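All chains, full assembly: derive it from the sequences and hints.
Protein chains in written order, with our numbering: chain W, 1 to 306; chain Y, 1001 to 1326; chain E, 2001 to 2538.
Hints may contain errors.
Claimed, not checked - Listed next, the in silico DSS-like pairs over lysine-lysine satisfying Cα-Cα at most 27 Å (straight line): (1) Lys201(W) x Lys2387(E); (2) Lys2493(E) x Lys2463(E); (3) Lys2456(E) x Lys2257(E); (4) Lys2075(E) x Lys2131(E); (5) Lys2387(E) x Lys2345(E); (6) Lys2349(E) x Lys1240(Y); (7) Lys2480(E) x Lys2298(E); (8) Lys2387(E) x Lys1240(Y); (9) Lys2030(E) x Lys2345(E); (10) Lys2493(E) x Lys2252(E); (11) Lys2075(E) x Lys2091(E); (12) Lys2267(E) x Lys2480(E); (13) Lys2480(E) x Lys1240(Y); (14) Lys2345(E) x Lys2298(E); (15) Lys2330(E) x Lys2345(E); (16) Lys2349(E) x Lys2330(E); (17) Lys2075(E) x Lys2030(E); (18) Lys2389(E) x Lys2271(E); (19) Lys2463(E) x Lys1240(Y); (20) Lys201(W) x Lys2389(E); (21) Lys2131(E) x Lys2091(E); (22) Lys2068(E) x Lys2030(E); (23) Lys2068(E) x Lys33(W); (24) Lys2257(E) x Lys2271(E); (25) Lys2349(E) x Lys2463(E); (26) Lys2349(E) x Lys201(W); (27) Lys2493(E) x Lys2480(E); (28) Lys2298(E) x Lys2267(E); (29) Lys298(W) x Lys2068(E); (30) Lys201(W) x Lys2257(E).
Note that these hints are calculated values from the structure, not bench results. Computed from a predicted structure; not experimentally measured.
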Amino acid sequence: MTQQPDTYSAASEKSNPRIRRTFLQRIWNGLRKAPLSAWFGLIVIAFYCVVALLAPIIAPYGEAQIFPAPYEPWSSAHIFGTDQIGRDIFTRLVYGGRNTMGIALVTTLLSFVIGGGLALAASISRGWLDQVLSRTVDALMAIPSLIFALMLLSIFGSNVTSLICIIAVLDSTRVFRLTRSVAINVVVMDYVEAARLRGEKLGWIMRREILPNIMPPLVAEFGLRFCFVFLTIAALSFLGVGIQPPSADWGSMVRENASLIQFAKYDMKAAMTPLLPAGAIALLTVAVNFVVDWFLHKTSGLRDEH
Amino acid sequence: MHPIVATILQRLGFGLFTLFVVSVIIFSALELLPGDFGEAVLGQAATEESVAAFREELGLDKPPYIRYFEWIGAVATGDLGTSFSGRAASGVDRSRSVAELVAPRLWNTLFLAGMTAVIAVPLALFLGITTALYRNSIYDRTVNATTLTAISFPEFFVAYLLILFLSSLYPIFPSLANIDDTTPFLERVYRMALPALTLTLVIVAHMMRMTRAAIINLLASPYIEMAQLKGASRSEVILKHALPNAWSPIATVIAFNLAYLVVGVVVVEVVFVYPGIGQLMVDAVTTRDIPVVQACALIFAATYIILNLLADIIGTVTNPRLLHPR
Amino acid sequence: MSTKDKDVLLEMRDIRIDGFSDDRWHEIIKGVDLTLHRGEVMGLIGESGAGKSSFGLAAMGFARPGCKISSGSIKFDGMDLMAARESEKRKLWGTRIAYVAQSAAAAFNPAHRLIEQTVEATVRSKLHDEKEARADARTLYQSLRLPDPEHIGERYPHQVSGGQLQRVMTAMAMSPRPDLIIFDEPTTALDVTTQVEVLAAMRNIVETFHAAAIYITHDLAVVAQMADFIKVLRYGEEVEEAPTRQMLETPKMDYTKSLWSVRELEKPEVKGEDIIIEMRNIDAAYGDVRVLENVNIKVPRGSTVAVVGESGSGKSTSARVITGLLVPSKGEVLFNGEPLPGALKQRNKDQLHRIQMIYQMADTAMNPRQSVEEIIGRPLEFYLGLKGKARENRVIELLEMIELDASYLDRLPGELSGGQKQRICIARALAADPEIIICDEITSALDQIVQEDILKLLLRLQKQFNITYMFITHDIATVKAISDEIVVMFQGKVVEQGLKSEILSPPHPDYTQLLLSSVPEMDPDWLSDLLAARGEAL
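Below you can see the structure in the form of structure tokens.
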């Protein structure tokens, strides 16, 4: 850099080629520099995933198996005791995680397919399609989603399918907003215009030119939306209109055992029972938030380079 | 016409339009009900006549658009219809009017939301502005990590933690916020301490983070650098150069969070058995008492829309480009 | 400009500035010295990324967020700015050292009136009371030849034009009568005809009040009008420093010489007969705003037609009409004598591949997630059906045509320099096997030395493949370097079209005259001569 050659050539121009690394090396490299909070988040998420996948192996009893003694204290037979009708709390916790997380994941995926797909189509074609979709989304977003979900559940009844569909549709409005706003920024780029000038089809432009360039914010949004959906489902279940018994889930476990908290002075362990599922929810959302925070910081940092 | 008036009218128009669309959506709720819900409401033993009479009362024999205008006209005059509950198969009708059910509870909810807002808004703005000013300091990092954790917690987790510590282990506040019309003001405030505190914690976390982001965004403007290079002190930069341009983002943040408060209130009311509109709605959803659900949804949605509209208008009247057109 | 007062005002020694990016600190200024006497104007020149802005701000003891002055000494009028506390420096800023920013539109606070901002520092430091300061500001507005100087200060920033704002900002800097003003690319965002007026006003006022100034720019011709002496920076280091005339006459370093090499390039013109593209009676509008009015342009095969004009003249819109991005409301585009469908969607691949386009910003013209091979390979696959090895071989051939090689195949755009990026864009256009390439300001974002090289490459390719260029630009030096014919546009209309020699030599229509005469030349007396000539004409 200090000694520039006297004769100029294109190849000698100052440029910054990256060091070639494999995919795994790049991931490891990123992780090595990750802050403690991100590591904590990743480990927690991994732990939850393992527990959810291996639930039948980890859980000592059946999901809805009832034992004769309700409100059994913590013991070696029942690690966290039993609940108001005598089901093993630990087993319910394990299965509850599997159910709540599974449903939240499916819902989030569905909302991304709906919201993301429509947003991409709207941002490329603009015109009336964009207008109609954007105004519809504005109107839908004018009703707070928990309220909307409550109303729709009262009509369609509380079952897992309607729960997933209702929340996915309501949440897809937010995915639409975000995807549209980032996609619009990419659509105005000259390289998209260049592809249009070349005569490329809409599908190709969406897949090859736009999608790769909006992935980082979408991935971050996926994490945040997952948290939001997860909390909404937990809240609905807590209110008694979400996942229905006998399926275990963390939200309703909190509600069912809530009264135990009054006895904290006499039996601290019993009082912990409703806090265990609530804490499990909190821990997961904190973990996801930490990871998303780090990811956002990292991807926006990468953008600064150019 | 002054462009600012035009813009405000336009926003008002859009707000009204949104309200209209929302009311149509909420009204359609009744349309989507499965056909046999008459039996469901009146019970298995309902006679054919009483079901038919019930359907007629709802006006299901008329076309939907006529019913919509009848309904919205009634809503406009304060008549929210009649609750489904209290009806019996025998045809004896002990149901109450929805307005009668909703009114006292709406007042309670507004009281709780107001009490929270009075604490949360100034606190959040203060935290947001100070962390933006001293960003990357220990203070900023601590507040940030705390609030990031707090927004990840479900409301009921925060609520039960507070109950555990401030009610069960150290009985400072009551864990049930049961109040009625006769409760004196101070007693009311005392009983509502825990629900208000729960909501405050959740809202402050959200609002503080959004305020901080808005201020940092503002401080990156070239005219802020210019003000520094003109020798303005830190407080001058903030008060004279940043603040006049900050009303719009701050109003948006406040409106967004007050609207969020309306939602958060549902869960918190259930936890503390607080007789507000949120709990009423949850009960109505469980019993599928559609008129009550509709009324509550309409109230929540209207609050939400009006708050956002207000933020929009504040943003408009503080925008110098609109205030002083070319 | 006179420099009677020979005492040193500003002395900077061995300044090093670090910038934070990519998770670590990089040195962006590597030990540069500067000495400025009272009343002297220094030009600081360098290409983008040379660190000249950071260095200019360092003269105030200021570093932007993400930058830090890591070592060196800064003495302003005997005061050590490196050791000074923030509050002490603040007393200097805006009163004894003033700053004029590049984008006036962004640097004015939208919430306050212009005159409030003009007198802010003066009033704060109690140099004058509010009333005196305002009266003085109005006098300054007058001497900067702002329209309606009595009342313009009552307006808000969004109510006046860019050129006027830039002059108000000069008034703001001058209001406390500072010893030193730092101009940071103050005319870069302006059109040439506006630039002349702003330059003249700024020079006049700096001279009148005998202030010292540092004038930062990338344009040597502009700085030659302003500065007593010039310092050239490159890659954070000083290349050379010399009095203005001496530098222009006998530059010591090759690099300095290269800064105006483009201006010495000149293509011998050829008159083409066979018309490849013709815009016939074209009207076009964006919504209700009419942008083209009865435009007629003929482009002969194998030659270069330069379309010149300022922003808003309709030159880029003409390109959009030819490519089919904007459907004209009237008239038609003929290609080899045949009318082309107005809308892009109605054109077939055979029509599409013959017209290619290269953009101003190579950064945004390439998908940052695609490798060079994908970028150049796509048109080969799309138009010519090349796949696999055949495609790769052709991509390598194209890379060699643009003086790069196979080692660039798997690079991403972010790993290329500005000039290399533009070359890849040229290769992508060539890959489609075009007859005409529309070049939209393709060199204006590049550094001078790279510009020359890209222009030479284009000329070579034209000779080799008999390609036609429609070259849109606002830069007259580039026009001289590359064109055969010139089209002058103004406010959506064609002012004139003809051979380069005809257009560039008098007599000119009024607008062409104004445009041509406003282009700064490498002559320190150019501005004075021009003003004198215009003064006579008035």
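Evaluation of the provided hints:
1. Lys201(W) x Lys2387(E): The given pair, whose Cα atoms are some 19 Å apart, holds under the 27 Å limit.
2. Lys2493(E) x Lys2463(E): Outside the cut-off at roughly 31 Å; violated.
3. Lys2456(E) x Lys2257(E): holds, 17 Å
4. Lys2075(E) x Lys2131(E): violated, 34 Å
5. Lys2387(E) x Lys2345(E): Status holds; Cα separation ~25 Å.
6. Lys2349(E) x Lys1240(Y): Status violated; Cα separation ~59 Å.
7. Lys2480(E) x Lys2298(E): Within the cut-off at roughly 19 Å; holds.
8. Lys2387(E) x Lys1240(Y): violated, 63 Å
9. Lys2030(E) x Lys2345(E): It is violated: about 53 Å lies between the C-alpha atoms, which goes past 27 Å.
10. Lys2493(E) x Lys2252(E): violated, 45 Å
11. Lys2075(E) x Lys2091(E): Cα-Cα ~15 Å, so holds.
12. Lys2267(E) x Lys2480(E): holds, 7 Å
13. Lys2480(E) x Lys1240(Y): violated, 50 Å
14. Lys2345(E) x Lys2298(E): holds, 24 Å
15. Lys2330(E) x Lys2345(E): holds, 18 Å
16. Lys2349(E) x Lys2330(E): Measuring from Cα to Cα gives roughly 24 Å; hence the hint holds.
17. Lys2075(E) x Lys2030(E): Holds, because 18 Å separates the two Cα atoms, which is no more than 27 Å.
18. Lys2389(E) x Lys2271(E): It is violated: about 41 Å lies between the C-alpha atoms, which goes past 27 Å.
19. Lys2463(E) x Lys1240(Y): violated, 61 Å
20. Lys201(W) x Lys2389(E): Roughly 25 Å between the alpha carbons, so the hint for lysine 201(W) and lysine 2389(E) holds.
21. Lys2131(E) x Lys2091(E): holds, 21 Å
22. Lys2068(E) x Lys2030(E): With Cα atoms ~12 Å apart, lysine 2068(E) and lysine 2030(E) stay inside 27 Å; holds.
23. Lys2068(E) x Lys33(W): Holds, at about 24 Å.
24. Lys2257(E) x Lys2271(E): Judged against 27 Å, a Cα distance of about 32 Å means the pair is violated.
25. Lys2349(E) x Lys2463(E): Distance ~26 Å between lysine 2349(E) and lysine 2463(E) Cα, so the pair holds.
26. Lys2349(E) x Lys201(W): holds, 12 Å
27. Lys2493(E) x Lys2480(E): Satisfied, since the Cα-Cα distance of roughly 22 Å is no more than 27 Å.
28. Lys2298(E) x Lys2267(E): Measuring from Cα to Cα gives roughly 20 Å; hence the hint holds.
29. Lys298(W) x Lys2068(E): Given that 27 Å is the threshold and the Cα spacing comes to 22 Å, the pair holds.
30. Lys201(W) x Lys2257(E): The hint is violated at about 48 Å.
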